[in-house]
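Fit chains B and C to the known structure of chain A by using the hints.
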Amino acid sequence: MASTTTRLRGLVWVVPALALLGIFVYYPIVENIRLSFYSWNAFSPNPVFVGLQNYTDAAADPIFWRSLRNNIAYAVVSLICQVGFSLCLAAVLEEFVHQKLRGVLRVIYFIPAVISITVSGILFSFIYNPQFGLLNRLLGAMGLERFQHAWLGEQKTAIWSIIGMSQWQSIGYTAVLFVVAIQRIPRELYEAAKVDGAGAVRSFFSVTIPMVREMTTLLIILTVSGAFLVFNEVMVMTAGGPSDSSQVLGTWLYRNAFLADNMGYASAIATVIFVLTFAFAILQILVSRRRRVEI
Amino acid sequence: MTAVTSTSASTPIAANRATRGPGWIRRAIAQLFVGLILVLLVLAVIYPLLWMVFSSFKNNSELFANPWSLPGELRWGNFERAWNAGVVRFFVNSTLVTAASIVTTTLISAWAAYGLVRVNVPFSGPITGLLLGGLMVAPTVALIPLFGLLQRLHVYDSVWALLILYTAFRIPFTTFLIRAYLIDMPREMDEAAYVDGATRTQIFWRLVLPVCRPILVSAALLQALFAWNEFAFALVFISNTENKTLPVGLMDMQSRLLTEWPVQFAGLTMAALPMIILFLIGQRQFLRGLTEGMGK
Amino acid sequence: MTHRNRTTALIAVTAAGALAACGGPGTATDKTSAAPQLTASATTKEGTLSIITKFADPKYAPYFEKVATAYQSANPGVKVDLQQVGDQPFKDKIRVLSASKQLPDIYFSWAGDFANKFVRAGLAADLTSVIGPDTDWGKTFSPAALKAFQYDGKSYGVPINLDAKYMAYNTAIFDKVGVTKPATLEDLLSTCGTLKAAGYTPIAFGNQYGWPAIHFMTQLNAMDVPEATRSTDYNPATGAFTDGGYAKALEQFKQINDACFESGSNGLSHETAQANFLSGKAAMHFLESVEFSGLTEKGGAPADLANNWDFFRLPPAGDAAGDKGALTGAPDGFMVNSASKNAALAVDFLKFMTSKENGATMTKDIGWLSSVQGTATAENSFPQLETALKDISSANSFAIWLDTVTNAEVANAYLSGVQGILDGSQTPADVMKGVQSAAEKAKKSVG
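Protein chains in written order, with the numbering used here: chain A, 7 to 301; chain B, 3 to 298; chain C, 28 to 474.
Here chain A stands alone, though its shape is the one from the complex (with noise of 0.2 Å):
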C-alpha cells in the first residue's frame, strides 16, 4: 500500500477531466433541474418559484407530446435504417461484391457522413423545395405527380422528410462500422454453416448476426440517443413548424426557451430528455452486462 501522499499525487491524473465534467457537465445538470421549478425568462425581473408547475404544463402540452412522438419515430425509423438495413449493406458488400469494386462502393456510400449536417439540411431543404426541388421534379418527371407535396411545409410530412434526410446522412456511415465487425467474423464459421446446406440468407442469419452483436448494440445506443438529441437537423430544416408538426424534444426546448420567453418550461423539457437519455443508457448497461456474463 502507498504512503497516501502518493496515493493523492495519483489523483492528478483524473483532475482535468473531473474538474470540466463537474463544471460543465454535472453542474448544468443539477442546476437546470432547480431552475424547472422556476417560472422566469431572459426578461423576467424576479423569478417565480412555481414547484411542479412546469412538468404538469407539459403533461398537458400536446406540443409536448407530439415532439416526444417525433422523437420516437425518429429512433424507430434510425433502428430501421441504420442498423437493420446498414448491416444487410454492409452483409451485401462483404459476400456479394468484388473485393475493388467493394471498398469503392464503401467510399461512396461514407461520404454523407463527412458533409456537415447543416449543410445536408440546407441541401436537403432545396431537394423537398416543391417548386424547383429535385423531388417533386423527378416524380414529375416519372408521371407522379399526384404524389408531389410541399414536403416541409405539410404537416403529415414535415418530420419524416427531415427522418429521411437523416438515413440518407447516416446509412453509409453505420454500414461501414458494420463492415468491419463482419470482417472480423472468422470465414470458417461460413464454412460450417455452407457444409451443413445454409444459403446466403440463412448463414446470414445463422452466422452474421449473431457474430456482430457487440457492434449491433454500440449503434443501438448511438442511434437511439441520436434520436433523442436531434436538433440540428430539425432547426435548420423546418424550425418545428408547421404548426409545430415536426417539433422534437430539443427544438421545442428552444423555442420555448428563446421565443415564448419561458425558460423555467424549457428546463424542464430538458429535464425529461436527461431523464430518457440516462435511463435508456441505464438499460443498456444492464443489458450487455448481463450478456457479457453470457458470453
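Among the clues, some could well be false.
With a Cα cut of at most 25 Å, we get these calculated DSS-like pairs of lysine-lysine [as the list claims (entries may be wrong)]:
1. C:Lys281 / A:Lys162
2. C:Lys460 / A:Lys162
3. C:Lys203 / C:Lys181
4. C:Lys106 / C:Lys383
Pairwise CB distance ranges, derived in the manner of DEER restraints [what the hints assert, rightly or not]:
5. A:Leu17 / B:Arg215: 20 to 28 Å
6. B:Arg189 / A:Ile288: 47 to 55 Å
7. B:Trp207 / A:Ile288: 33 to 41 Å
8. A:Ile288 / C:Lys93: 53 to 61 Å
9. A:Leu14 / B:Arg215: 28 to 36 Å
10. C:Lys93 / B:Arg215: 54 to 62 Å
11. A:Gly57 / C:Phe339: 50 to 58 Å
12. C:Ala267 / A:Ala147: 20 to 28 Å
13. C:Ala267 / A:Gly149: 47 to 55 Å
14. B:Ile279 / C:Lys208: 51 to 59 Å
15. B:Leu209 / C:Asp108: 20 to 28 Å
16. C:Thr96 / B:Ile279: 34 to 42 Å
17. B:Glu75 / C:Lys93: 31 to 39 Å
18. A:Leu14 / B:Trp207: 18 to 26 Å
Read the hints as simulated data drawn from the structure, not as lab findings. Please read all numbers here as calculations on a predicted model, not as lab measurements. Backbone N, C-alpha and C fix where the C-beta goes; we use that ideal spot for every residue, glycine too.
Same frame as chain A, but now just chains B and C:
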C-alpha cells in the same frame, strides 16, 4: 489483426456459385436485384451532391426552369458572393475549434484513462463511474444553465466557450474508448519501464501514447465529426458573425440570402467540397483509423 | 462498502452546496440601476458603440452600413460595431443576448409588447428627456411613430421609418381580366374567383415563418374588433380574447385562403411568393410599404410589373364591427440599452441616423418612408411611395403587427394556429381556444 481487406477469397459477384446449377435463374434475379439496389444507393448519394454543384452555377430562372440540366454558363460570381457572405470565415472557425478540441479532448481523456487503469488512484471506482456517467448527459440539457456560467467566466461569444464545451462533453466517451483499449494492453511493458526508474508521466508520453495510436486516431476522428457538426452550443453561445462556426454560419447565410438560391448552393458547395475531397484523398487511413481502435 | 457510501455522501454534499450557492435565475443583475447619462457633455466623442439590427437583407443592409461609416468619419474617435442579422434569426438572437446580459448599446425592436418587454425588464433606457414629444428632436418625428414606442407615458424607442401593410396589385392583369379595386372583403373574394378562373394566382402568399398570415390577421382583427376591446386583450396583463370578432376574423381569413391563395403556402417563403407576383403569375400580393422599392425598376423588378402596379388597403367586410379605418403598420425602431456605458454616444448616433438628411437618404437609397417629417419628396421617392405616405398620414389608427403587439405566448398561439387554418387542420374555434389559454398563461407570468 484488423485489416481493411477481407480474408475471404475475392469473388466477383456470385462467381463461387455455379452459374449453371439448379436455381440459377433465381440466383441471377437475386444478383440483379441486389445490384440494382446498390446502384440506386450510389445514385441517391451522388446525385444530390452533383445537383448541389450544378445549381451553384445557375441563376434563379435557370434553376426554376430546368433543375436537372447542366448550367448554361459557369457563374463564378455566385461563389464570390458566397465567399463575401462569410463562408470561408465560418469554415476557418470550425477548423480551428475542431482541431483544438481534438487535442484537448484526446490528451485529457488519455491522461485520465491511463491514470484510472495503471495508477493507484484513490476512489477509482466512483471516479470511473463519474467520468463515464457523463456519457448519459445530453448537451441540449445543459444549454440554459451554461448561459450564466459561461458569462460569469467571461468566455461567452468566444471560441473558448466552444472549445471548453466540446472538450468537456466528449471526455466521457473518449475516456471510455481509450480506457477499454488500455485495459487490453499488457501491463508488463510499462511495469518494466517503471522498474527501470521512469516516472509515470514519462511512461505516459513516451510509451503509452505511441502504443495507443490506433485508438487515439479513432477518438480524434470521432471528435472531429462531433465538433464539425455541433450546432446547439454554437448557435446559442456564439453571437458575433465573425466567430461563428460553419453550421451556424450557414444558417445565418441562408437567412440573409433569402431568394438567391444559386448563391446559397455555392456556399453549400464551398462548405462541403473540401471535406469530401479530403475524405477521398485520405479515405483508407480515415476508415482504417476510425475502425481499428474500435475493434477491441 | 464504506468506500461507496463515502463517495455518495461527497456527491450529495457537493450537489446541495451547488444548489445553495446559486442565487435564483436572473438575480445577478441589478434592475434598479440609475438612469444612464443621455446628453453628451464632452465635445469630442469617443468610444465603441455596439449596434444590432435585423436588416441583414442585402437590399437594406447597405444603408445602415453607410450611416455607420458616415458617423465614424465625422467622429474619428468613435468606432461603430454594427451587427446585422436576418429578420427571423433576430427573434431568438435578441433573447439569447438579453438572457446573457450581452445586449448591445443600441438594439432594434418592433413596436408593441415586444418593446414593452424590454422596458418591463429594465433593459431599455428612458429616452423621454431627449426624444419626448416636447423636445426638439421629438418634434421632428411624425407623432404616430413616436407614440408607437411609448409605454406608460414615457418614450423608450427611436422610430426610424414608417411602415404599413398594403395589397399591391398588377394593374395590367386587372384590366385584362376586367376587375377593379375591391371596396369590401366580399368584393375581394369574388375578384379572387374571377382571377382564378382566368388562370392567375389571385394573391401570391407564402407563410413559411408564420408572420405573413399574422399580418392578415392584424388587419382583420382591427376591422372586426373594436379598439378598446383590442387594447385590453393585447395587454398581457388583461388579455382574454373572448370577443366574437376574433373568431370572425379567423373565419374571414379562411375564406381568403380558400378563394385567393395557392395551397401549400406554409411551405413557401414570403420572398418566393413575391417572386411569383413580380413575374406576373399572381395578380396581388400583400406586402409592407418598406418593400415597395422591390416593385420598382430601380429595385430590380421586371418592367412589366414595375410600370403597372398600384395598391389598396385590405378592405373590411360590409358588417365589420371594429375600426374600418384602421391600418396595419408600425414603425421600426431602436432602443438604447439601459446598462450601456455609452448611452450618450448612442443617443447621439441615433440623432444622426434620424437627421433630415439621413432620413431623405433612406427614402432615396432603399425606398423606406422615414419617420422624420418632411423627408419624402418627389425627387427621392416614387409615386406609389408618395401615395402611401399620404395614406399613412390619414389613417385613423394603426394596428401594430399581431405577433409583436401581444406577448410571446399569445403570438405563438396565433402563429401556429393560423398555419393550421391554412392547411385545414384547425378550425377558427380551435385556434381561439389556443389563443385564450395562451392569454391565461401570459396573465400569470406577467402579473
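> Do the beta carbons of Ile279 of chain B and Lys208 of chain C sit within 51 to 59 Å of each other?
Replying inline: Since the Cβ atoms of Ile279 of chain B and Lys208 of chain C sit about 58 Å apart, the hinted range of 51 to 59 Å holds.
>> Just to be careful, I want the Cα atoms of Lys203 of chain C and Lys181 of chain C compared with a cutoff of 25 Å; is the pair within it?
In response: violated, 52 Å
> Holds or violated: Lys281 of chain C with Lys162 of chain A, Cα cutoff 25 Å?
Replying inline: Roughly 20 Å between the alpha carbons, so the hint for Lys281 of chain C and Lys162 of chain A holds.
>> Quick check: does the Cβ-Cβ distance between Glu75 of chain B and Lys93 of chain C fall within 31 to 39 Å?
In response: With Cβ atoms ~33 Å apart, the hint holds.
> Holds or violated: 20 to 28 Å for the Cβ distance of Leu17 of chain A and Arg215 of chain B?
Replying inline: holds, 27 Å
> Between Lys460 of chain C and Lys162 of chain A, is the straight-line Cα distance small enough, at 25 Å or below?
Replying inline: Holds: Lys460 of chain C and Lys162 of chain A sit about 22 Å apart, inside 25 Å.
> Could one say that the CB atoms of Leu14 of chain A and Trp207 of chain B fall in the range 18 to 26 Å?
Replying inline: The hinted range 18 to 26 Å holds for Leu14 of chain A and Trp207 of chain B, with Cβ atoms some 22 Å apart.
> Could one say that the CB atoms of Ala267 of chain C and Ala147 of chain A fall in the range 20 to 28 Å?
Replying inline: Given a distance of about 53 Å, which is not inside 20 to 28 Å, the answer is violated.
>> Against the range 50 to 58 Å, how does the distance between the Cβ atoms of Gly57 of chain A and Phe339 of chain C compare: consistent or not?
In response: holds, 53 Å
>> Within 53 to 61 Å: is that where the Cβ-Cβ distance between Ile288 of chain A and Lys93 of chain C falls?
In response: Given about 59 Å between the Cβ atoms, the range holds.
>> Taking 28 to 36 Å as the stated bounds, is the beta-carbon spacing between Leu14 of chain A and Arg215 of chain B within them?
In response: holds, 31 Å
> Measuring from beta carbon to beta carbon, are Arg189 of chain B and Ile288 of chain A in 47 to 55 Å?
Replying inline: At roughly 31 Å between Cβ atoms, Ile288 of chain A and Arg189 of chain B fall outside 47 to 55 Å, so the hint is violated.
Of the numbered hints given earlier, the model fails hints 3, 6, 12, 15; all others are met.
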